[in-house]
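In case you want the letters, here they are:
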Amino acid sequence: MNNPLVQPDPGLFIWTVLTFLALFALLAKFAWKPLLEALDSRQQGIRKALDDAQAAKQELERLEQESAQIIRKARVEAEAIVTQSRADADRLREEMRQKAKAEAEGIIRNAERQIQLETSRALQQIRAEAVDLSVSIASKIIQRNISKEDNERLITDALKQVEGRAN
Amino acid sequence: MMLGQEHAQELGEHAAGAAEKFDAGKTIIHHVSNSPIDEPLLHLPKIAGIDLSVTKHVLMLWLIAVFVFLVVTFTVRKFLKQERPIPVGFMNALEALVEFIRDSIALPNFGKKWVNVYTPLLLTFFCFIFCANAIGLIPVFEVLGLLDHFVLHTGPDSFIKHLLEGGTTATSNFNVTAGLAVITFFAIIVAGSRAHGVVQHWINLVPHGLAWPLYILLIPIELMGMLVRPFALTMRLAANMTGGHIAILAILSFVFLFTEMFGRAIAGVGVGLAVSVPLATAISGLEIIVVLVQAYVFTLLSAVFIGMAIHVHH
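The listed protein sequences correspond, in order, to chains D and G.
Taking the working numbering, the leading residue of the first sequence gets -19, the next gets one more, and so forth.
Taking the working numbering, the leading residue of the second sequence gets 5, the next gets one more, and so forth.
Bound-form chain G, shown alone (with noise of 0.2 angstroms):
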């Protein structure tokens, strides 16, 4: 009851413009970032000076994790209990995924000895990444947050405020998409290790057989590029899923803002229906797209990436 009378409030000031003005940026980079640390859904204790307090973009990452390992799972056991392994249903989809990641993702860059190897991985990559974008996408927690305002009223420090806070896409995180990278990372090393032996793949990783100054020049530029790779997987996740969010909510912020420059609600929902909804539907389709592409390119390139230490020419 309290609360209504608050939200009530908080909307008569946003249509007034009186008390507390309409701040758009903050709200925005609100809804697209982390809940944050120092009120976590879950307190968990400091191991070596780090917080693993569960946040919500933690508990993105295990939603997602379980519903794609379901998902999954449960799909290919039943596909692989027939007698006959006939794909039926959800199981088209799923197969004609594995065999484009397969067949025009893993094949090319790591040939047929490692190509076994090396799919789960983009699999994995694919299907988490892919996933964690598209959530961002669907109004789970908004739904939840309405249920909240008008049905359940909870009180102001409940569980389901909190997980309120903060954006859905936990891949719109560059502390998630870092970690992902390093993934990759350890992957390139791992796949060069395993194809020419462990001495051999940092020796790979300058050509040979040239004049020695050059390697003055071109060890520490290779070493760089072992790293900018990863840096680059991580800032175009997150830039990309971040980017289109905030143009997202930059549009429907114009509701709000023409609500406080005219003072009146009706020129803000006016805006909202003649503009903001139909910009916001459009980009929300184009995102569809990106977050499709995304997953696709954080996948190929980690497969180009792991490719070049197997088959290395330079």
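Just chain D, with the same shape it has in the complex (with noise of 0.2 angstroms):
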């Protein structure tokens, strides 16, 4: 065979397959090995952060449901102790105004008995001072002009009168 391209070339075979094998052992030992070794462990890193990533956002949705929950409660709360308070509030103001007004009430009636009395004690007063007045009046214009017994009379009559004059 004269055409080169067809040429077999045993030491060219041989050399091929000693170059190939010492390269492929060299570079499995040195490159192939570790970089697949790091990129199994690279991509079991991401899956992993991946996942701590998911079990975060899950744990802070949880923590978020939890305080808007108790924001919730809080405001319940809040409005309940409003409410309550309102009604308290009212209630005491109802309460002092009905004690107010019953104290009111009973120093008006205090004062209408005592006005009272004390119309009616000087009523007494002055009918006693008409009385007393009248007979001595009465005992001067007609002083020994009668006797005893008519003076009596006289001044149950006039009493009576007066009596009937001032009803």
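Any given hint might turn out to be false.
[Said to hold, decoys possible] Example chain D residues on the side facing chain G (calculated, C-beta under 10 angstroms, incomplete): (1) P(-16); (2) L1; (3) L7; (4) W12; (5) L134.
Hints listed in this document are in silico derivations from the structure and should not be mistaken for laboratory results.
Every residue, glycine too, gets a C-beta built ideally from N, C-alpha and C.
Reconstruct the complex from the two isolated chains, following the hints.
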């Protein structure tokens, strides 16, 4: 065979096998194995990081829900407190008004009774005063002209007259 | 000085078409085949009748192996040395390649159990074949030749002159691709034996549970298939890598053929600028794809064959 394209060359064949095997052994030991391991471990690292992120997200969601619930509860409680205190205040105000009203009424009633008492006492005094006055006036006018019995009668009559007028 | 004259004379001969006619076929074959074994770069003794002398293609294999080893190891080591493994620069490309071969070639064929065991072999196949293919597209030795011709002026028997002999693409030599295919051939046997045991691997070659006369037919067929697979790998890669180069060289030969035909250099240069260079550029573009695809195909088929030995189904 003169054509060098199809010329068998066992030496080249052997060199190819040797060269390739040497390259394969060296690369496998120094490059491919460590690289494949690193890629695998990185893959696992990424998977773990994603899982962690997912877990963290879920935890955050849970916490958010919890805090929202707490806030909702607090709001409801605050509302209840406000309503309660408003009702308390209303009740208290009403009570105080009632009490004040009652007190005022009591004071007025006392005052009225006092006034009535004073009035009737004053009237009685005036009446007694008037009797004494009229007796003294009458006795001055009719001194010694009448007997003691007449005198008594006259006084009684006069009193009756006064009483009748006063009534 | 003498060499310069010689070369000028040679050019003159081509231009005038006088003494020695331009033989396109011979020139092309010379540019794609290995340097002659009887004039090697480095003489080594014969071992068991095999001449182990270092020819151009052996040198190319070594250069590529050293190149691949240094680039890959340096990149990977730099990547692994970091506290947090963040790929930067070239490591991104290498990682994409590694993950592509692992996830889309190795994993579907080998399965989860064996993927990390045989992925290094596939990665080495791909890197080695790809670089060996690709270096044929880069005119390293042509640049060296120009440098020698215009600057260094070495003698006709110098090492550089020997370096310029022969083609650059080692994978276009079927002896090289046969060597690679033999690796696949043995990898198939090793993978099958490791997965099923040595005996079971050979039993697995033929489907079981058939009538015995069928085995008389099947066993030779399967044994032939075992040999045909690496043979197909050998021929596919070598032929593909040779074909593109021959096409480019044939088109570039127009320059000299037309020069001879019209007896004027201007005719050759004109055809070269108008036809040869654009066409050769286009084919070189195509070759870039072929270089990638053939490296991929060799890797993929090796994976498929190894996978067939691991997961036996007929």
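I'd like to know which numbered hints this structure contradicts. Please list them from smallest to largest. 5
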